[in-house]
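*Asks:* Sequence:
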Amino acid sequence: MTEIRNIVVLTGAGISAESGIATFRGPGGLWEGHRVEDVCTPEALARDPVLVHRFYDERRAALARVAPNAAHVALARLDAEWPGGLLIVTQNVDDLHERAGAKRPIHMHGELKSALCAHCGDRRAWEAALPPATECGRCGLPALRPDIVFFGEIPYRMDEIDTAIADCDLFVSIGTSGAVYPAAGFVRTARHWGAHTLEMNLDPSEGSLFFDETRLGRAGELVPAWVNAVLAG
Numbered sequence: 000m001t002e003i004r005n006i007v008v009l010t011g012a013g014i015s016a017e018s019g020i021a022t023f024r025g026p027g028g029l030w031e032g033h034r035v036e037d038v039c040t041p042e043a044l045a046r047d048p049v050l051v052h053r054f055y056d057e058r059r060a061a062l063a064r065v066a067p068n069a070a071h072v073a074l075a076r077l078d079a080e081w082p083g084g085l086l087i088v089t090q091n092v093d094d095l096h097e098r099a100g101a102k103r104p105i106h107m108h109g110e111l112k113s114a115l116c117a118h119c120g121d122r123r124a125w126e127a128a129l130p131p132a133t134e135c136g137r138c139g140l141p142a143l144r145p146d147i148v149f150f151g152e153i154p155y156r157m158d159e160i161d162t163a164i165a166d167c168d169l170f171v172s173i174g175t176s177g178a179v180y181p182a183a184g185f186v187r188t189a190r191h192w193g194a195h196t197l198e199m200n201l202d203p204s205e206g207s208l209f210f211d212e213t214r215l216g217r218a219g220e221l222v223p224a225w226v227n228a229v230l231a232g
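So for the sequence shown, numbering that gives the first Met the number 0 puts the first residue at 0; every next one is plus one.
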């Protein structure tokens, strides 16, 4: 493997599951007891805005009952100490990376603690409940919705992510299923541009065959050990 200068880290539901946050698709394909199609699509929001808004209100409130784990803390240390390029891309909508101290994560699927105006596109930090028809602070229309990238919508900051992956020497995937695109395709893009690829997961992901190396186990154990080794050179 060539010398490592630029690193891209992708994190998924598995890293936050160790903090007590439910993974995106649980038993029977349900997310916190709901069909994903009923709470995470534009059609669901149009059909039953009360349910969708309440669902994300509950997820937002639940963040107060969880804390970052050792994997989040280790990545925050890498964020602070790595002398080269580093981008942490997370599929998670929680704030555990930030609470651990990471300064530069990209939430490609949005954030629970953010509200989006469906009319003017304004995004702002949001901590409280967000009932349907809440007025936007910028345009004044009753159009605020959860700032979550629903199925069928384009993830955030894809140009920035794609550029970082093309420039990285090491691509690391932590706690991801390898089933949700476009994130599931990042490993193949990284390999195309010559990066070494590493997966850390409880079980092999659907895309494990595309990784140069797979380490199986708990993120709270694997990630700190990996960060220690990387920072030690």
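Simulated from the structure, these hints should not be mistaken for lab results.
Errors might be hidden in some of the hints.
Ranges of calculated distance between the beta carbons of each label pair, as one might list FRET restraints [unchecked claim]:
no. : residue 1 : residue 2 : range
1   : A231      : D211      : 39 to 45 Å
2   : A165      : H33       : 33 to 39 Å
3   : E2        : R98       : 31 to 37 Å
4   : L140      : R190      : 19 to 25 Å
5   : G84       : G216      : 43 to 49 Å
6   : K112      : M157      : 20 to 26 Å
7   : E2        : L201      : 18 to 24 Å
8   : D161      : G83       : 27 to 33 Å
9   : R64       : Y180      : 26 to 32 Å
10  : P82       : R46       : 45 to 51 Å
All values derive from a computational prediction rather than experimental measurement.
Ideal placement from N, C-alpha and C gives every residue a C-beta, glycine not left out.
*Asks:* For every hint, state whether the structure bears it out.
*Replies:* Against the structure, the hints:
no.: 1; hint: A231 / D211: 39 to 45 Å; result: 20 Å, violated
no.: 2; hint: A165 / H33: 33 to 39 Å; result: 37 Å, holds
no.: 3; hint: E2 / R98: 31 to 37 Å; result: 32 Å, holds
no.: 4; hint: L140 / R190: 19 to 25 Å; result: 45 Å, violated
no.: 5; hint: G84 / G216: 43 to 49 Å; result: 27 Å, violated
no.: 6; hint: K112 / M157: 20 to 26 Å; result: 22 Å, holds
no.: 7; hint: E2 / L201: 18 to 24 Å; result: 30 Å, violated
no.: 8; hint: D161 / G83: 27 to 33 Å; result: 19 Å, violated
no.: 9; hint: R64 / Y180: 26 to 32 Å; result: 31 Å, holds
no.: 10; hint: P82 / R46: 45 to 51 Å; result: 50 Å, holds
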